[in-house]
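Chains as they are written, first to last, in our numbering: chain A, 1 to 219; chain F, 220 to 611.
Worth flagging that the hints you see were computed from the coordinates, not collected in a lab.
Cβ coordinates follow ideal geometry from the N, Cα and C atoms, glycine included.
Careful: at least some of the hints might be erroneous.
Claimed, not checked - Ranges between beta-carbon positions, derived for each pair:
{"hint": "1", "chain 1": "A", "residue 1": "Asn183", "chain 2": "F", "residue 2": "Val557", "range": "43 to 49 Å"}
{"hint": "2", "chain 1": "F", "residue 1": "Ala607", "chain 2": "A", "residue 2": "Gly28", "range": "17 to 23 Å"}
{"hint": "3", "chain 1": "F", "residue 1": "Thr342", "chain 2": "A", "residue 2": "Val83", "range": "52 to 58 Å"}
Given next are the chains, with one letter for each unit.
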Amino acid sequence: MQPLAAPIHGELSKRLDLLVISELVEPGSRVLDVGCGDGELLTLLAETRGVEGRGIELSQAGVNQCLARGLSVIQGDADTDLVDYPDDSFDYVILSQTIQATMHPRRVLSEMLRIGRRVIVSFPNFGHWTVRTSLGFRGRMPVTENLPYSWYDTPNIHFCTIRDFVQLCRDVEAEIERAVTLNAGGTRMTLNAPWWFWNLFGQQAVFLLSHPDTPKRSG
Amino acid sequence: MASYRHTIDGAGQARSEADTPSSRVMRFGLDQPLRLDSGQLIAPLQIGYQTYGMLNADRSNAILVCHALTGDQHVASDNPVTGKPGWWETVVGPGKPIDTNRFFVICSNVVGGCMGSTGPASTNPETGEPYGLALPLITIPDMVRAQAMLVDALGIDQLFCVAGGSMGGMQVLQWAVAYPERVFTALPIATGPRHSSQNIAFHEVGRQAIMADPDWLAGRYLAEGTSPRKGLAVARMAAHITYMSDEGLHRKFGRNLQDRDRVAFGFDADFQIESYLRHQGLTFVERFDANSYLYVTRAMDYFDIAADYGGRLANAFMGSKTRFCIVSFTSDWLFPTVESKTVVRALNASGASVSFVEIETDRGHDAFLLDEPVLFASIRGFLSSAAAARWK
Chain A
1 MQPLAAPIHG ELSKRLDLLV ISELVEPGSR VLDVGCGDGE LLTLLAETRG
51 VEGRGIELSQ AGVNQCLARG LSVIQGDADT DLVDYPDDSF DYVILSQTIQ
101 ATMHPRRVLS EMLRIGRRVI VSFPNFGHWT VRTSLGFRGR MPVTENLPYS
151 WYDTPNIHFC TIRDFVQLCR DVEAEIERAV TLNAGGTRMT LNAPWWFWNL
201 FGQQAVFLLS HPDTPKRSG
Chain F
220 MASYRHTIDG AGQARSEADT PSSRVMRFGL DQPLRLDSGQ LIAPLQIGYQ
270 TYGMLNADRS NAILVCHALT GDQHVASDNP VTGKPGWWET VVGPGKPIDT
320 NRFFVICSNV VGGCMGSTGP ASTNPETGEP YGLALPLITI PDMVRAQAML
370 VDALGIDQLF CVAGGSMGGM QVLQWAVAYP ERVFTALPIA TGPRHSSQNI
420 AFHEVGRQAI MADPDWLAGR YLAEGTSPRK GLAVARMAAH ITYMSDEGLH
470 RKFGRNLQDR DRVAFGFDAD FQIESYLRHQ GLTFVERFDA NSYLYVTRAM
520 DYFDIAADYG GRLANAFMGS KTRFCIVSFT SDWLFPTVES KTVVRALNAS
570 GASVSFVEIE TDRGHDAFLL DEPVLFASIR GFLSSAAAAR WK
């Protein structure tokens, strides 16, 4: 069994990615973390935002770690098990560093938008300049510290760039409420830059989405 | 000859357990009848039970363990009939996942059983003879109602946990549905929200085997001094196959021959698996009452939580504050993972707190009784985090 949340980048930037996500979540809300791993994000959200959290995780080890942390987590698969959840049953459905490992990213995103009033997706940007360099100049699929798998054994079967993801959001009629990118050093890129800039220099992206009939949040 | 004598002694011991169990007994008089789903009453009522550990001052640390089809109250101490260790000593005991140093564990024999709770082998006070088929049919909710009477009598308001596998898991789910405010956590293992058509079919084979035995005597064998041993043994053999998996059987027995180099061209037990099943059948009849087998299998067949809630399982759990941890095993084809997932889905739909673990093993349904470290870790993690929430 492959872990759903593949470890694709370093410890420091991972924590920052989770911090960015947690800042997007309103306190006291109901949250579903899809591919919750060992429950790090759910624990963070419970401690800092007082959320009522639930998780889905594919790996046995991850589920047991979550149980020991007192989290309510279901062993399951993002591709098949989201259909079991009723409409609008969560305030936020989060997919952290997992969309690229799903079999049907578009279907998963649509299901998340159905289940949650808001959706948060974070993913590694395949349009980052280091990836382009590897492919463009070396002619090889990138294998880096952040993307450590060879093409033939990677669980990350559906990489996308930030621009690809923006297009997917349009295709499923999701509204982008906020987008945050982190550069290679894990620093937030707060510049009001155009998409092409983010797509080249953002190593990770975090998107806050909603479906069109979700009321805009105040403030 | 020695084994024959042992058989008689074992059966004699099993027989005496029905009325005078080697465990604690709670008795309810004519003024406290057990009201059955069938509309009938059982009074007086007797419940044989065991406890382990100490009840704390505010009576909040009790865990009720529910046993499976052929289990009993001897969950963590030697069985008085077989002399073998308790059926869940891997899980229940000092320092075990259900830690009796910390929790007060209660396990009672189900109503309809034959180990000290009122069942078909118990003496009918009206006739002075064993009830036999004069006992009304029992359901899983009836079993749980009787347990609630016991828990009341012990002065316990809320159980910290109700736990059990297989039919025990059905009782766990029933507890959570019938008494949600009395169940802080629920741990149903290798079970489902209803008995499937295939499972009813296997049970029917077992019951027909018992009733086809000429010594069954329309259920009056105890009064007549006979015993439908062959029928009950066949029932057990058929059922036992469903507790294992094809892969597990192959790993354990393969096509190995029993005490011989080649097949004997006859109907003796040539294969190890045959010998094993015959042994399972023979040892079972020494400890279990055939009519009890009919009653308890029937109770499982009738189980269908959703049926009482307009066919929607989620409605049964609506508003539940209970924390659930549901466990299934990959090779369990009696209660396959999909049955557990039905419950998980319903709990999700009702907004309840639920965790779910599917444990990889080739040991089939019986895995919940065996040495499964992932199961132990799951139970430990779930209970300790729930305890932290309960006594924070």
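Verification of the supplied hints:
no.	hint	result
1	Asn183(A) - Val557(F): 43 to 49 Å	45 Å, holds
2	Ala607(F) - Gly28(A): 17 to 23 Å	21 Å, holds
3	Thr342(F) - Val83(A): 52 to 58 Å	54 Å, holds
When held up to the earlier numbered hints, the structure conflicts with none and fits them all.
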